[in-house]
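Letter by letter, the chains look like this.
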Amino acid sequence: MGLFDALNVSASGLTAERMRMDVTAENLANAQTTRTAAGGPYRRKEVVLAQQADGTNGFGAQLRTAMGGAGGPGSGGGGVEVAGIAEDASEGKRVYDPGHPDADGEGYVTMPNVDTVTEMVDLISASRAYEANVTAMQASKQMFTKTLDILR
Amino acid sequence: MLIDTTQIALERAIEGTTARNTALASNLANAETPGYQRVDVDFHGALAAAMGGGEGRLESVSFAAQPDGTAQTRADGSSVDVDSESAKLAENALEHQATVQVARARLNIIEIAIGKR
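Keeping their order, the protein sequence lines are chains A and B.
Quick note on our numbering: the first sequence kicks off at 8 and runs consecutively.
Quick note on our numbering: the second sequence kicks off at 45 and runs consecutively.
Treat the hints with caution; some may be incorrect.
Between beta-carbon pairs, the in silico distance windows are [as the list claims (entries may be wrong)]:
| id | chain 1 | residue 1 | chain 2 | residue 2 | range |
| --- | --- | --- | --- | --- | --- |
| 1 | B | 138 | A | 95 | 42 to 48 angstroms |
| 2 | A | 11 | B | 156 | 28 to 34 angstroms |
| 3 | B | 149 | A | 148 | 21 to 27 angstroms |
| 4 | B | 49 | A | 60 | 34 to 40 angstroms |
| 5 | B | 92 | A | 95 | 38 to 44 angstroms |
| 6 | B | 125 | A | 42 | 38 to 44 angstroms |
| 7 | B | 49 | A | 91 | 50 to 56 angstroms |
| 8 | B | 149 | A | 52 | 51 to 57 angstroms |
| 9 | B | 116 | A | 53 | 21 to 27 angstroms |
| 10 | B | 98 | A | 148 | 36 to 42 angstroms |
| 11 | A | 97 | B | 92 | 28 to 34 angstroms |
Since the hints were derived computationally from the structure, they do not count as laboratory data.
Heads up, the beta-carbon is just placed ideally off N, CA and C, and yes, glycines get one too.
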């Protein structure tokens, strides 16, 4: 475990949470979209997060392994990564609107399966998680500065 | 001895707080990861065991992040409580600062003794 691993871990959290906010924004923007390239209404997307394995690449990790010391790969918690963006398979709401160009024979339009309230909650959750990672990053930075004070 | 056991213990404690900081940061990064189990570094326990273990044990002590099985698991399988992680992070940072200051103060004493200042 190197001195700056904590910063990388927090940075991976920032990337993941920003991705969640991006996808939530896309869902909100397409809350009324009834046409997509794949056909049919827009389907809600969701970010799948996964724990990042400890890095075995990079100079620091290789050196620690070669020296056989503690703190080689696998000794610390890893960061987080976006494993993929999944589509929500649930059915969209059917709205009666016979004048709509995408209405079916009975006059119903299938709307996207996006619930704006759920998206707003997701957005707040991602935003708060982002802030938590920023705080962790600041704490790590202050710790490193303190450690360097020994040299003075 | 110029660098005594206490000084080595302090330096290992600094290493321990740094390792714990990384573990707590990775808990916060994985706060929304389904199925993630929080990790922690028990460097206090490792240091206490090493100090009772005689000559040379302190130098070879290692700090590895261990999964914390006692934490409450949420419905999504993650066991991270952002509030408690933030509190632990702040506590750990203060402990780090205290350890660094004591280590620095002890080095100052040596510097005065050897007439560096």
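Hint check:
Hint check: residue 138(B) to residue 95(A), Cβ distance near 43 angstroms, so the stated range 42 to 48 angstroms holds. Separation of residue 11(A) from residue 156(B) is about 33 angstroms and conforms to the stated range, judged on CB atoms against 28 to 34 angstroms. Remark: the range hint 21 to 27 angstroms for residue 149(B) to residue 148(A) is upheld by a beta-carbon distance near 23 angstroms. Between residue 49(B) and residue 60(A), the C-beta spacing of about 37 angstroms keeps the proposed range 34 to 40 angstroms intact.
Distance hint check for residue 92(B) and residue 95(A): the Cβ-Cβ separation is about 50 angstroms, which falls outside the suggested range of 38 to 44 angstroms. The hinted window of 38 to 44 angstroms between residue 125(B) and residue 42(A) holds, with their beta carbons roughly 43 angstroms apart. Checking the proposed 50 to 56 angstroms range against residue 49(B) and residue 91(A) shows it holds: the Cβ atoms sit about 51 angstroms from each other. The given range of 51 to 57 angstroms is respected by residue 149(B) and residue 52(A), whose C-beta atoms sit roughly 55 angstroms from each other.
At about 25 angstroms, the CB distance of residue 116(B) to residue 53(A) agrees with the hint of 21 to 27 angstroms. For the pair residue 98(B) and residue 148(A), the supplied restraint of 36 to 42 angstroms holds, since their beta-carbon distance comes to about 37 angstroms. Taken as a hint, the range 28 to 34 angstroms is violated for the pair residue 97(A) and residue 92(B), whose Cβ atoms sit roughly 53 angstroms apart.
In the structure shown, a violation is registered for the earlier hints numbered 5, 11, in ascending order.
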